[in-house]
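K.L.:
Using the sequences and the accompanying hints, generate a full structural model.
Residue numbers (the working numbering), protein chains in the order written: chain A, 2 to 221; chain B, 91 to 371; chain C, 3 to 224.
Please note: incorrect hints may appear among the correct ones.
Pairs of lysine-lysine, DSS-like flavour, derived with a Cα cap of 25 Å [said to hold, decoys possible]:
hint	chain 1	residue 1	chain 2	residue 2
1	A	K18	A	K7
2	B	K338	B	K326
3	B	K178	A	K7
4	B	K221	B	K152
5	B	K248	B	K338
6	B	K248	A	K18
Derived from the structure by calculation, the hints contain no laboratory data.
Every value quoted in this text rests on a predicted model; they were computed, and no experiment measured them.
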Amino acid sequence: MRFDFKFALEILPLLMKGAAMTVLVTFLAFALAIVGGLILALLRRAHRNLDRALRLPIEFIRSTPLLVQILFIYLGFPTVGIVLTAFQTGVLAMALHYSCYLSEIYRAGLEGVQRGQWDAATALNFNTLDRYRAIILPQMVPLVVPAAGNLLVYMFKDSPLLAAISLVELVFVASKIGAESFRYLEPMTLVGAIFLVMGLATARFVALLEGRLGATWIKR
Amino acid sequence: MRTFRIFLAAAAICFTAIPVLAVTPKELQDRGFVRMGFSNEIPFSYAAANGTLGGIDYEVMKHVLSELGITSIDGVLTPFGSLIPGLKAGRFDVVATGLYIRPDRCQQVAFSEPTMVVSSAVIVPSGNPKKIHSFQDVAADPHFRLGYVVGGTQAVAKAGNVRDDQFVSFTDVLTAVSALKAGRVEGVLRTYIDAVQVVNDAGQGAIEVAQPFAAPVKDGKPLINYIGFAFRTEDKELLAAFNRALTKFLGSPEHQALLKKYQIIQPAYPIDKSTAELCRG
Amino acid sequence: MNKFLESATLLAGGALVTVELFLLSAILAIAMSVIAGLLRLAPSRIVRVATACYVEVFRGTSLVVQLFWLYFALPTLGISLEAFPVAILALGLCFGAYGSEVVRGAIRGVSSGQYEAATALNMGRWVRMRSVVFPQALALLLPPYTNILVQLLKSTAAASFITIPELAFRATSLNQVTFATVPIFASVLIVYFLISLAISQSMRILERRTGKWRGPVVVRAT
Chain A
2 MRFDFKFALE ILPLLMKGAA MTVLVTFLAF ALAIVGGLIL ALLRRAHRNL DRALRLPIEF
62 IRSTPLLVQI LFIYLGFPTV GIVLTAFQTG VLAMALHYSC YLSEIYRAGL EGVQRGQWDA
122 ATALNFNTLD RYRAIILPQM VPLVVPAAGN LLVYMFKDSP LLAAISLVEL VFVASKIGAE
182 SFRYLEPMTL VGAIFLVMGL ATARFVALLE GRLGATWIKR
Chain B
91 MRTFRIFLAA AAICFTAIPV LAVTPKELQD RGFVRMGFSN EIPFSYAAAN GTLGGIDYEV
151 MKHVLSELGI TSIDGVLTPF GSLIPGLKAG RFDVVATGLY IRPDRCQQVA FSEPTMVVSS
211 AVIVPSGNPK KIHSFQDVAA DPHFRLGYVV GGTQAVAKAG NVRDDQFVSF TDVLTAVSAL
271 KAGRVEGVLR TYIDAVQVVN DAGQGAIEVA QPFAAPVKDG KPLINYIGFA FRTEDKELLA
331 AFNRALTKFL GSPEHQALLK KYQIIQPAYP IDKSTAELCR G
Chain C
3 MNKFLESATL LAGGALVTVE LFLLSAILAI AMSVIAGLLR LAPSRIVRVA TACYVEVFRG
63 TSLVVQLFWL YFALPTLGIS LEAFPVAILA LGLCFGAYGS EVVRGAIRGV SSGQYEAATA
123 LNMGRWVRMR SVVFPQALAL LLPPYTNILV QLLKSTAAAS FITIPELAFR ATSLNQVTFA
183 TVPIFASVLI VYFLISLAIS QSMRILERRT GKWRGPVVVR AT
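P.N.:
Next comes the structure, spelled out in structure tokens:
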């Protein structure tokens, strides 16, 4: 069987619509995870008991398959009355899962900020909020950007798991095209190519971000 | 470098490729078993939780194949949408899952003579809140989302003017049904006998088959579908032998007993069209 | 009670398949990691570039896409593999690519003094790699490789897409029959967690045993 370029061109618009959904879900989940991970990291720094209490759930979510977590939310929540759409489930599950990863990244980042900065902030009578806002977080950001960017790329590559709950994202659209036209080579190859492009674009974007935020890089 | 070459050799050995050659009845007899592709379509062919196969299509096939001297059937569970590609790729020798004989499918595979006639139905929440009694009713409600399984037949619904954007695709029937129960869609399109079984098994009282349901009509004749077994187009000898044994079996007392066992309610006979006619469209 | 036992047996069977999948693809992944990691440092440019292509393609595309491509698209080119080999191939190649980066980093992390000493002792390149550099690299790569193996375990769930009866697939099937959604999925998550703990523990034991290769001793303040 040869690669049918005409067919490939025909299905490209459909695939791009699926890709748009992939991008939407991933970015939304990433945005939520950025905030969620920070909250988790700060909570863990706040009090030793909180740290201990959060350690197990975070480790649990990080060490178990995202697919099963997605199914748990999609199929399990309705049994207690919460019915989420595939889109909502996808965003929630991915945000939760990756918040746990990001909390570790933030933790490393926060520890990477020079000890002296914390002490100076206290000496200058900063309250907690200002200390984080004005001194610590801005210095943490360049340390966190590379790892967080990496995580965004991972999230893209995990998004096809949402096809399991029939979210009309890129891989779901491709398998639908395959099942209904009986041609799988073109949709699946195009999907692979689109993922490569998305990955490269994201990596380029993150590198750019690193460059711009790296101006405040502080070495130990 | 040497390690690399060793690795290449090992990789080549590990490639357990199944050659895609024509399979003849004699080969199957020698081999001793037939590989059947299925996708848990109740009541056509499905696997119980412990792995035993069942279903009207499965049992009919078992009887017909035993006439050909083949007694062992190996079930290969496959997502519905990849049954035909899997058949063509040689993953199994026959598809027995309530496949409708359609012209576009005829171009990909060779169907046996039709075994059953079926009509379509819509599964709805209990009490049929949207009062669906035909596909036109579905089309008339702009907010009605109709779920269906990827690879399934939408033509009948479309003949009733259901629009493309009303369809919501699912990977399999049970996902679609749980979506219906959760209110993510308002109806699920299924074959009538399949719908009845699914409501019985997975309904939990929350869903029902929309009754009465007016079959869509095209050119003055009700649109119904014919079910057949699918073989690879190269396996001509196998198909011919199968058809011979099949025509003898259909209508026989054993066949009637099977229909009763699986509670195939609606009359599935007589089958008035041949596969050749159906493939022409 | 009977139903509970039936369900538990089914899930246990699924867990067995998951472990099988994990072990077999881990072997392939480790092999690919080492081979690709070493090949990236090969003298021949063609080999380096070809390996880099493999690594970038398998790291840059999603595992699910690789699974689907090998299962659905490859047959159209004439090679038809069964679901289980497809899963092992996809998982092994994908995580082999990720692992190769870890291996490469670890090899480069071995201090250059080791290379020079080995050359001074008249060791050939292959002997040098095998007896001197790689054992030390092993100590460096084990901690990050643990992560990769846990990721591999989590990714075995994706095999359910091609109807391999592993744990996640069994959970969904069971749910469609018994509708005991929360208990089923909660227990399945716990099983995965336990398996991942087993993996991390084993790796930690391995780390301790290879610790003797960790190189020069850290100077202690007296």
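K.L.:
Each hint needs a verdict: does it hold in this structure or not?
P.N.:
Evaluated hints:
1. A:K18 <-> A:K7: holds, 18 Å
2. B:K338 <-> B:K326: Measuring from Cα to Cα gives roughly 19 Å; hence the hint holds.
3. B:K178 <-> A:K7: holds, 22 Å
4. B:K221 <-> B:K152: violated, 41 Å
5. B:K248 <-> B:K338: violated, 36 Å
6. B:K248 <-> A:K18: holds, 23 Å
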